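Peer 1: Here the protein sequences line up with chains Y and X, keeping their order.
Numbering-wise (the numbering used here), the first sequence opens with residue 1 and increments by one.
Numbering-wise (the numbering used here), the second sequence opens with residue 251 and increments by one.
You may find that some hints are simply not true.
Unchecked claim - Computed spacing ranges between beta-carbons, pair by pair: (1) Y/ARG240 <-> X/ARG315: 41 to 49 Å; (2) Y/PHE249 <-> X/TYR294: 45 to 53 Å; (3) X/ALA459 <-> Y/SER39: 25 to 33 Å; (4) X/ALA459 <-> Y/GLY22: 46 to 54 Å; (5) X/ASP402 <-> Y/SER220: 47 to 55 Å; (6) X/GLN253 <-> Y/PHE89: 28 to 36 Å; (7) Y/LYS18 <-> X/ASP402: 57 to 65 Å; (8) X/ASN465 <-> Y/LYS239: 28 to 36 Å.
FYI, nobody ran anything at the bench for these hints, they're computed from the structure.
For clarity, every value in this text was computed on a predicted model and none was experimentally measured.
Backbone N, C-alpha and C define an ideal beta-carbon position, used for all residues, glycine too.
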Amino acid sequence: MGQSLSIHNLEAWYGSNKILKGINMEIRPNQVTAIIGPSGCGKSTFVRCINRMHETLPRTRVRGEISLDGRSIYDLNPVALRKTVGMVFQKANPFPSMSIYDNVVAGLRLNGMKNKQELKASAEKSLRMAALWDEVKDRLNYSGMSLSGGQQQRLCIARALAVEPSVLLMDEPASALDPIATTHIEELIRSLKEIYTIIIVTHNMQQAARIADSTAFFLSGELVEHGPTSEIFTNPHDKRTEDYITGRFG
Amino acid sequence: MRQSLNDGQLILNNLLKDMGQEVERILQGCIKTLKSLDRTQAEYWIAQDQVVNNLERQVDDECVRLIATQQPVAKDLRKIISAMKISTDLERMGDLAIGIAKVVRRIEGPLCKPLIDIPLMAEKALAMMRQGLEAYRTEDMELAQNLALQDDAVDHLYNQIVRDLLVIMSQKPEILDQGMYLTFAGRYLERFADHATNIGENVIYITTAERKDLNK
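Produce the entire structure from the sequences given, and follow the hints as far as they go.
Peer 2: If you want it as structure tokens, here you go:
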């Protein structure tokens, strides 16, 4: 099942540039939370802090507290944390030299799983959950790069699901896809929230409105407003949120 | 910013303004016809229904176009939804005005009394409609809320008309039909004013996202 996240006074820097300025946010389990905001507002940095990827970059710094079901993520080994908190990126990034099958089980092998039956079962389960199984079951040994853009992105989702995370971070997962592939991904996200807590960064306002249970609006490194999506898109409390979602910003 | 959406909203505002002007022209014409009991004129005004109906369809089409192409949210969406509802109110107001012309078809003259309160009621109801549309144009909450008070005054006038006609009908049973049709005309104007307060309710919804009943 998905886990809840509590973020307290989260601050993040690139060099001397403060990207996040004290974010406080509660993320409920088994919900889709959309993070919206203009470019440079700190959305991607925020999600990259949740699986401790931000701090892997040179000259970066993070301060504050993030806890998963009440346990600080800083008490966890970063590798173990990233197993629990999976991530899907804007551009589908299957391992180019690997087959579809090997892509899906790559994380499991890294975690030491060797039993072929277990790997096979896990690959099928992950591909089914990513709604890709029926399309690739007869060509699992083909290169991951042989798939279409939308299929590659679902392959990456399957790869993230294979290690059985409880939280899935998605950084603009459909921004490079056509409307049909986008619909596939959105339907997938809706079904995956039964099992996972999902946080999605998106520039597509309609996408946030369609799939998210709650929406958070970031601006200049601050969380301006976080609430039920239906409320944010019909009657936001903060004028800055209203200006942004109605396209009258700046 | 959002020039296409802004342009569309301007089109809606102008269409609603045109609808208001047409409804006003029709109601004034129908009241004049009721005073004169001119059946030829009555038929002319009845045929004017199409003008308002066509404008309502244009408002609907523009709203659908804006929703489909501009994906409005928050206040923008409330404005468009409200424009659709206001146009429905105005179309109904047009129907009610024409109801008065239809009354002329049925009244056998001459009138049992000089018409004073019904034209007065029509003036008040039209003032409410104008105020509602002005409140919509300027998003003026105070103007919108004030419509409730004016609606009370119209209701009061309607009750007085009914009482007066009942007295006349009880004294002169031969004008029973005419009295009943004049009561209908009063009722149409009372309903006309209710639709004007609906415009005010939509203005409050646009501004606050809250529903308020001004017809209590």
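Peer 1: The structure should be examined with respect to each hint, and the outcome stated for every one.
Peer 2: Structure-based check of all given hints:
1. Taken as a hint, the range 41 to 49 Å is violated for the pair Y/ARG240 and X/ARG315, whose Cβ atoms sit roughly 29 Å apart.
2. About 52 Å separates the C-beta atoms of Y/PHE249 and X/TYR294, a value consistent with the hinted range of 45 to 53 Å.
3. In this structure the hint that X/ALA459 and Y/SER39 lie 25 to 33 Å apart at CB holds, the actual value being about 29 Å.
4. Taking the beta carbon of each, X/ALA459 and Y/GLY22 are about 29 Å apart, not inside 46 to 54 Å as hinted.
5. Under the hint 47 to 55 Å, the C-beta atoms of X/ASP402 and Y/SER220, about 50 Å apart, fit the expected range.
6. Here the CB-CB span from X/GLN253 to Y/PHE89 is close to 34 Å, well matched to the stated 28 to 36 Å.
7. Between Y/LYS18 and X/ASP402 the beta carbons are some 58 Å apart, a value that agrees with the proposed interval 57 to 65 Å.
8. Against the hinted window of 28 to 36 Å, the Cβ-Cβ separation of X/ASN465 and Y/LYS239 comes to about 31 Å, which satisfies the hint.
Hint violations for this structure: numbers 1, 4, all remaining hints satisfied.
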